[in-house]
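2 protein chains.
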Amino acid sequence: MSNCLIAQSGGPTSVINASLSGVISSSIENPNIHTVYGSINGIQGILNHNLINLTSVFADSKDKLEILKTTPSMFLGSCRYKLPEASEDETEYKLIFDILEHKKIKYFFYIGGNDSMDTVLKLSKYAKNNNKDLTVIGIPKTIDNDLFGTDHTPGFGSAAKFVATTLLEISYDTYIYDIPSVTIVEIMGRNAGWLTAAAALARTEHNSSPDLIYLPEVPFSIYDFLNSLKQIQKTKKNIIVAVSEGIKDKDRNYISSCENSLDDCFGHAKLSGTGKTLEHIVSRSLGCKVRSIELNVLQRSAMHIASLQDINEAFLVGAKAVEYAVKGITGKMVTLIRTNNEPYTYIIDYVDIEKVANKEKLIPIKWIAENNGDVSEQLIEYISPLIYGEPNIRYKQGLPVYLDINHLINK
Amino acid sequence: MSNCLIAQSGGPTSVINASLSGVISSSIENPNIHTVYGSINGIQGILNHNLINLTSVFADSKDKLEILKTTPSMFLGSCRYKLPEASEDETEYKLIFDILEHKKIKYFFYIGGNDSMDTVLKLSKYAKNNNKDLTVIGIPKTIDNDLFGTDHTPGFGSAAKFVATTLLEISYDTYIYDIPSVTIVEIMGRNAGWLTAAAALARTEHNSSPDLIYLPEVPFSIYDFLNSLKQIQKTKKNIIVAVSEGIKDKDRNYISSCENSLDDCFGHAKLSGTGKTLEHIVSRSLGCKVRSIELNVLQRSAMHIASLQDINEAFLVGAKAVEYAVKGITGKMVTLIRTNNEPYTYIIDYVDIEKVANKEKLIPIKWIAENNGDVSEQLIEYISPLIYGEPNIRYKQGLPVYLDINHLINK
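Same order as they appear, the protein sequences are chains A and B.
Under our numbering, the residue at position 226 of the first sequence is numbered 206, and the numbers go up by one with no gaps.
Under our numbering, the residue at position 47 of the second sequence is numbered 27, and the numbers go up by one with no gaps.
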């Protein structure tokens, strides 16, 4: 009988704890696993001897695992820490494997994005090269949906549902006054525009907005943008623009830094985000009412409007990782493979970690609409099934009930 | 048999259409009322001859009235238009009453805030002074909760639930990294701090944030604020500050304009809101990670997390207005009277419109905590029951189903 260890890394999503809940549930039930450990603040928790016994926290409480499944943020904390190449400096690897061996840990699960998969890659390589008995499995998460080797990432569907729902509600909010307006909504994603593209889902039979969608994959022209606005204003009073925080001009300069763009750019890079920058440009150029809205961290933490599909997938991806690990599968990331789009079906598989680590999957250009400022029907069809279903959240006195590590463990 | 007219005015709330749904339902069922008209863009719809027949839209569709009940924004559009004093200029009054008489309208319902109640006051006065057969009833709404004569306003509970839920989720989002941080959340309310105070509800048995709450009712000192942060940082890593957009210094200057405040204020009034201004001050003074988040229009439009209590009260207040009007009651606003706090019970009544129009109800100083930077237990107990219950929203393909006037009526 061996033990297992779980850690979380990178930025949060609404459902990264659903994956954690999946790993814990599956590990506790697995006859090959004795104790389930959690590392506080990612890989740094091992280096800092900061491991907690999750079996003792959760074994007798299915109830807590259910609440954990619908708790946003990262129950075990996070880190953004990159291991050095073992060939250059072996010190930390020796420390890590000493602790793992001391704790009889044979299975290590790391829930994270493309940077975190670098840790999975390095640890699995080191184990192999040094005949260490450790299987290392990566479990994908990121609202950015920018991981290779998987149809999509857990966390994306919930962020997409928040973006689409909020864009729909903002669109309703803007039509009430009988004056022209432009509302610019800034959405997360420095390089990959998947989440910004999800704004297109807000177009329903009762709502035609957003009217323009700008992704970081294609160069952004302020000139074209203003022209498009003027064109749309001829037939529509209230315009909604969804814009990625990471849009760049043709020379790859961020619009938010806006130094080389146009005369009417104020260049207050430190104060303004992309939305604020565009707000001032539009306000000066068109003179109509302009508002910018930054969705901010709500995109990755609004569990109350998470996608049930996403929660369930995140949980299953975590559970399946345990199954793979005890079979001796190592140096892989668990993946979701879409087997049909309508009705949406999928299977869970795994992929070589080399194909994922440190890489960024952008939207294929063919999925971006030919006229810059929109996305293709294909892209909308790809995202649509991922936002289905409402979360089964417990409420108490009007607020969602979430699980907090400090409440469970006296650190 | 007479007809009735309904209009909406001022800023939107998540539940102002629930009140509209209540007026329409009750009017359609009332034997004294023949046709229910709606005025597009508030009182201006009358002046512009822009009335629509709501009976023909809704009479055969209970279903649509149910969807309207959970649709955010303002179905009939809005305006911010103040009638002149009739003693100074009677022209518009004559126009309005001509149209009302022509359409055989005997009952007029105006859903709005303190400015809109000015319209109710003036029209009811004019009717009385000129022997016009019109009863005018005001129906309260505002996320600001700043109307006199009512325990609270429909719209406030839902905005409060959004603020509390979001603060809870932001608080979870901030604790994951092992570094100190300050997160500043800017909440709507230029003069009244009721909505900012609702941030205190995010404190649950698993969450102690927000740590500081600043209301516009008491002067804000940047010096005291920075001292409080330093004090809290001694025992807590991640600090959450809830701040009203309307906080002012001791000379009543808005902190967001920040001209006379401190050396480390950048004074970018046009670019920055209150949160951004404080972000830069804290960043320069404390040097730790600082983020500001503006909740923006989501506070008034996020129907997906509205309070069921609020939706139901908004509906009933609308329905009751019809009952009062056909009894000949005029120049009044419908009110909510709390009869018990725990368990929460209330009755519906009405109040003289003079007591409400153009006035602003601020938080009583005794309800603000003695140490500036927090609210009292009494204030929390007052707000708590208003956020209970989740809305029964219909979902389609992962998104809430809302009702749009352009879809129902070919304008």
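Rather than coming from a laboratory, the hints here were simulated on the basis of the structure.
It is possible that part of the hints are untrue.
All copies of an identical chain are treated as equivalent in the list; a pair is satisfied when it fits inside any one copy or across any two copies.
[Stated by the list, open to error] With a straight-line cut-off of 27 Å between C-alpha atoms, the simulated DSS-like cross-links for lysine-lysine are:
hint: 1; residue 1: K269; residue 2: K228
hint: 2; residue 1: K335; residue 2: K346
hint: 3; residue 1: K112; residue 2: K216
hint: 4; residue 1: K214; residue 2: K108
Review point. What hint numbers does the structure not satisfy?
Key: 3, 4
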